[in-house]
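Visitor: Chains U and S, in that order, are what the protein sequence lines are.
First residue of the first sequence? That's 1 in the working numbering, and the numbers climb one at a time after it.
First residue of the second sequence? That's 1 in the working numbering, and the numbers climb one at a time after it.
Warning: the hint list may mix true and false statements.
What the hints assert, rightly or not - Partner residues aside, some chain S positions facing chain U, computed with beta carbon under 8 Å:
no.: 1; residue: M1
no.: 2; residue: Y24
no.: 3; residue: N25
no.: 4; residue: F58
no.: 5; residue: L63
no.: 6; residue: S67
no.: 7; residue: L106
no.: 8; residue: R115
Claimed, not checked - Derived coverage of chain S by chain U (criterion: at least 3 residues anywhere in the stretch with Cβ under 8 Å from a Cβ of chain U; other residues may be distant):
no.: 9; segment: 26-34
no.: 10; segment: 39-51
no.: 11; segment: 82-89
no.: 12; segment: 92-102
None of these hints come from the bench; they were simulated from the model.
Predicted model only: the values in this text are computed from it and were never measured.
Glycine is no exception: its CB is placed at the ideal position from the N, C-alpha and C atoms.
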Amino acid sequence: MSMLNYHHFPIYSIMVLFFGAFLIAAIGGRDIAKNRKTTGVRAFIPLLATAASLAFLIALIKPVMLGGEVIAYWMGSRGISNGYAIGIALEVDALSLFFALLIATALFVSAVYSIKYMEHDDNIGQYYILYCMLGGGVLGLVLSGDIFNMFIMVEILTFAAVALTAFRTKVYGALEAAFKYLVVGCMGSTLILTGVIMLYAQYHTLNLAQLAALIPGTMNNATKLAFALLYIGFSTKAFIVPFHPLAADAHGAAPASISVLISGVLTKSGIYGIIRLTYFLFQTMELGAMQFMLVFVGSVSMFVCVTMALAQHDFKRLLAFHSISQIGYVLAAVGLSTALGISAGLYHAMNHTLFKGLLFLAAGAVLHETGTTDLGKLGGLSKKMPHTTVLFLIGAFSISGVPPFNGFASKWMIYQATYQKAVETGNIGFLLVTIIALITSVLTLASFVKVSQSVFFGQLPAEYENVKEVPFGMRLAMGILAVLCVITGLVPQLVTRYLTEPAARAVFRVGDYISSMGFASQTPAPAVSFAQVGVWEPISWLLILCIALLAVTIVAVAGKYDRVSVRSSETVDTKYQLFYGGEDNFHSQVGGGDLFWGFKHNWRHYFSFMHDLHSGIVNDYALWAVVALALSIVFVMIVL
Amino acid sequence: MITFNYICSFFLIVLGFYTIVTKYNLVKTVIGMSVMDYGVNLLIISVGYHPGGTAPIFTQGELTAASSFVDPIPQALTLTSIVIGACVTAMSMALVIKLEESYGTLDTREIRRLRG
């Protein structure tokens, strides 16, 4: 095979990142002399490596996404011997490629952003080494065709993520967040390894395709235990309930460029692992009980995390809880096991990477200029940072599901999918999921109204009078994501045709996945209708949005609205004011400190219960992991 | 005999979990993580065991249908796992040192600035 044959591209896209890490280390990890020239080179290498990685993966869209080919690639040309896979393989189907494309995009954008954002940090060489290792680890995970290799990649990415979380050791809580993440993350990794070994003991192979060919129909108690171990292991990587506090800690403490990766990339790798495990390896998603498990965990994640987010007063921590809430949507949709559900889930996974990345980068921009992410201290930055404000608002509209941005497209599909499932099965529970998803979306919007009010609008504190707009490089990175958010919202037909539908089809074509590797498949491809996928018109919503904006502008201009903003000196007693009412709270921009004090007051028992529950003690989080493991073992033993 | 290995390995894994959940000292948490790792390593190596097997090292022509040897793959996996375990310990100890420097304590109940 020629070197430029596209079958080599998956391994190139992984190796280029690891090679980049090696190259940065070779140049020298430490900048003792603060040599500006080598710093520039070091920032350039990851940029080049991530761009090359993305280019290799984009080149695979044509054969894999459109041609429906599954690339099976044996490393060192050791393949199958006597019916057993003895080599290490990469296997790339549309699902792997879909996740790999998301990951590579996030890596590239974050590398662009890092150049200016990390400029003033020391030891920037180490940062970029870990950055490339993290990227290579995640890409290796989603492109691997070997379950032990998946474990190795999980360890590499966990390690790099922990080290990067603690990279700014002086940041409030960074070390603590990293340690908690390391402890629970390592418990998860150990569970994955134990599961892998138990599968190996039963089937004497580590190849994913061969395991998928062997496991269904031959399950015994050991394989069921392995399933539960692997499921909880990948759950810790996806940060779904009950592992969400780790995500919140890690996101809050890590540099913003890394928060983008933790939310956009690491959680995706966990979701990918769960899909591979349930749909491919064990093929258990036909069972109503397994669908229930994923949909239930997803719904709980989306609701619990959005209410946790409402109570936060740190910008990045709030975004972190929203991130897991959106992952709940993805998991609930994927768990439906219908064509529409999986397409919707994957679509939302893609949108989540884009809008969450954008929001974290905007939070990073605020931190870069003001030095804080405390919502109580910020305010009025729209006057000083107009571009960042617009970009943030695009991200906020997207995550809240305001048409015509991309969040609406995928959330609409999720509502449709859960409702369709409820109608098909006659199960009222799925209708409840639709309602939870709607409520969560409303609460998300409420929360982002609060964030935009307390960071970008309202009164500008005197200490931020000299704040400037962020450098062009950072705005460029945010701009790329904002443009992608708008595009994927406006043309959902193209997105579904070229990206999500091939990936969702791949989920149902387990037989192809097995036979491409050279094993005999027992599973016939089910007949699945994709007719319902993506039938709605976003352009009309864009027109409605434009008309509404125009109307507001005309009314505002014609009515000569009062330009004076609320001054805290004038608002003597804020208790009874509309919107700004509530108890006085110091460090606060608007009188009551919160736009939704009435809502929070009525739910105070729930909020204080949740606050006490998230105690911040690592033992508690470890206990949650053990309880989740025990529950899932019992559940799996009963239903499988 | 090999059943005893399996029981022991799962006992070690659970003991590791128990240590992490119940001990409030950071160093003990790290020890718990190591114990958990050792349990998994014991499990892996036991999976490859073959009664009466020799080391899986053969030269050309030495290997016959009658030769009995242990499964080499779990041994390779164990090596990888041991290396990862050592890295985990090193990194968590580094974090513990830094935590002790900035919090002045090793008690997990006091290292909880991030909560709620």
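Visitor: Each hint should be assessed against the structure and marked as holding or not.
Guide: Now the hints, each set against the structure:
1. Violation of the interface hint for M1/S is found here, the shortest Cβ-Cβ separation to chain U being roughly 16 Å, above the 8 Å cut-off.
2. With a cut of 8 Å, the hint placing Y24/S at the interface with chain U holds, because the nearest CB-to-CB distance is about 7 Å.
3. At a threshold of 8 Å, the smallest CB-CB gap from N25/S to chain U is about 10 Å, leaving the interface hint violated.
4. Hint status for F58/S: violated, given a least beta-carbon distance of 16 Å to chain U, over 8 Å.
5. About 14 Å separates the beta-carbon of L63/S from the nearest beta-carbon of chain U, more than 8 Å, and the hint is not met.
6. Among the interface hints, the one on S67/S is violated; its C-beta lies about 16 Å from the nearest C-beta in chain U, farther than the 8 Å criterion.
7. Evaluation of the L106/S hint against chain U yields a violated restraint, the C-beta minimum of about 11 Å exceeding 8 Å.
8. At its closest, the beta carbon of R115/S sits 3 Å from a beta carbon of chain U; the interface hint therefore holds under the 8 Å criterion.
9. Under the rule that three or more residues need a Cβ within less than 8 Å of chain U, the assignment of the segment 26-34 of chain S holds, with 3 such residues.
10. A count of 4 residues in the segment 39-51 of chain S with a Cβ less than 8 Å from any Cβ of chain U is obtained; the coverage claim is therefore met, three being the minimum.
11. Coverage of the segment 82-89 of chain S by chain U holds. Counting CB-CB distances below 8 Å, 3 residues qualify, and the rule asks for three or more.
12. Check on the segment 92-102 of chain S: 6 of its residues sit with their Cβ under 8 Å from a Cβ of chain U, so the three-residue criterion for coverage holds.
Of the numbered hints given earlier, the model fails hints 1, 3, 4, 5, 6, 7; all others are met.
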